[in-house]
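Trainee: Sequence:
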Amino acid sequence: MGSPSSASRRQNNLLFLVFIMTLFFYSIPDKIINLCSDQSSVSPSVIPYKSSSNTSSLETLKLDGCFSFDNIDHAAKDFGNMYHFLPAAVLHPKSVSDISNTIKHVFKMGSTSQLTVAARGHSHSLQGQAQAHQGIVINMESLQGPEMQVHTGELPYVDASGSELWIDILHETLKYGLAPKSWTDYLHLTVGGTLSNAGISGQAFKHGPQINNIYQLEVVTGKGEVVTCSENKNADLFYGVLGGLGQFGIITRARISLEPAPKMVKWIRALYDEFSKFSNDQEHLISKNSFDYIEGLVIINRTGLLNNWRSSFNPKDPLQASQFISEGKTLYCLEIAKYFNPNESDAMNQETESLLSELSYIPSTLFLSEVSYVEFLERVHLSEIKLRAKGLWEIPHPWLNLLVPKNKIFEFAQEVFGNILTDSSNGPILIYPVNKSKWDNRTSLITPEEDTFYLVAFLSSAMPSSTGRDGLFHILAQNQRILGFCSSASLGAKQYLPHYSTQEEWQTHFGPKWEVFVLRKSTYDPMAILAPGQRIFRRK
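For the sequence shown, counting from 1, position 116 maps to 116 in full-length UniProt numbering; every step adds exactly one.
The reader is advised that the hints may include incorrect statements.
[What the hints assert, rightly or not] Estimated spans, in silico, between C-beta atoms of each pair: (1) 500 with 171: 21 to 31 Å; (2) 94 with 349: 46 to 56 Å; (3) 151 with 487: 16 to 26 Å; (4) 317 with 354: 10 to 20 Å; (5) 395 with 353: 21 to 31 Å; (6) 171 with 477: 37 to 47 Å.
[Said to hold, decoys possible] The calculated DSS-like cross-link candidates involving lysine-lysine, where the alpha carbons are at most 30 Å apart (straight line), are: (7) 390 with 181; (8) 406 with 329; (9) 316 with 436; (10) 181 with 406; (11) 386 with 406; (12) 288 with 316; (13) 277 with 104; (14) 206 with 438; (15) 288 with 206; (16) 108 with 223; (17) 521 with 62; (18) 108 with 386; (19) 206 with 104; (20) 181 with 513.
No lab work stands behind these hints: they were computed from the structure.
All values derive from a computational prediction rather than experimental measurement.
Note that the Cβ used here is the ideal one computed from N, Cα and C, for glycine as well.
When you get a sec, could you build the whole thing from the sequences and use the hints?
Mentor: Written out as structure tokens, the structure reads:
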């Protein structure tokens, strides 16, 4: 392949700033200040939906917070920046009872109303999942309640509001020398948002997703009931809500499992030019349970890749690294991390060297770094800051996240990275295996049937107004080609953060779990009031 033009190279470099963005999980609009007061500074880009008798009755509710009915176009936006459904009202709750009373009011209106309710955290949804067309959007960031409470002991945990950001939970628990076990790659997301999906990152092979590390929830159901649930109390609701896409209740509080927090992280990257060697090493590492974080990336035709790494990593062999050429190649990057405390440094380095000696990466591409635990977990936020400064954050993000069975991953890689994506990518492509044994099959999350499967995340960014290969239309068509191949080849892949347009497609997605999913919906949200943006059920 020939060298890309300098303009194309600059554009690729900008897109690659999202190099380590993940999961699973997802835009942060500017915080909205005091939305219950005058909002004349907001200029809606969509004609507001005028209140009817359905919405005017909301003004009669006695709340600690309040409703907004005008200048609410912010509630029709999300990170995906592809779907914009304007609500009729936005609730700014100050208490859980505000949420409960609002849903209870809508529920009691019965079939005379078409109002629906969607919980909106930091709005990192991709296809309008946190939107409610002509309905009510709950601004979860307004929710006030008991402060975080950290409990130390043999089984430490933190009680936190569903509206808390994971980054704030990190900082609070670190005061006690503790931290959650499982993360998303990006921590500026709400607890309720990630637990309604799964919460996946490089720790999932070891601890499972975030939904596997929850002891208890407080949930407001589609009837407006406030229910405390756990493995031993209201267990059906507990497991239904975890990974339940917001269909059975709004998470207002969670009890999250903690572990002793490390001070430092040994952060390592290395490249492969053969997918089989790359995937074999990843599977070997997760079977040994030796590192604390294991991810990977597919890198297509990147110019000056290793030079870009030098800002955060040190090459093991600087001379060989300077001679490595990444341009015109499809490469696979292993990204791993080992947690440690300063007094454990020598032992950690010896163990790491021993583990690395078992791997088959290209020797000249080994890069290492030592950073604080917080710096490692905040790595994607630093990319966000750079992208915002360049105007590359609030643009369309047609992401596609798949879970692919281990026995089909090579066939998947051959077709997708060999035929569909050949010249470049429009953002990072994450790929790494996890052990299903660490995932609780009682939750609503749907995964492939095989014991080991891969997360493959195409985290694309579309350039506004472009009609070329970096435009929205091209990327969406490319996603459809990937999905079409998965279907025609019967790979048994499942979408993570799924998006379908018909109930038949949803039924296929859930498979044998569909009947349980429908039964839970009829039990906890019989009028189909909650989370209309998922497009699974119609309002009754």
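Trainee: Which numbered hints are broken by the structure, listed smallest first?
Mentor: 1, 3, 5, 7, 9, 11, 13, 18, 19
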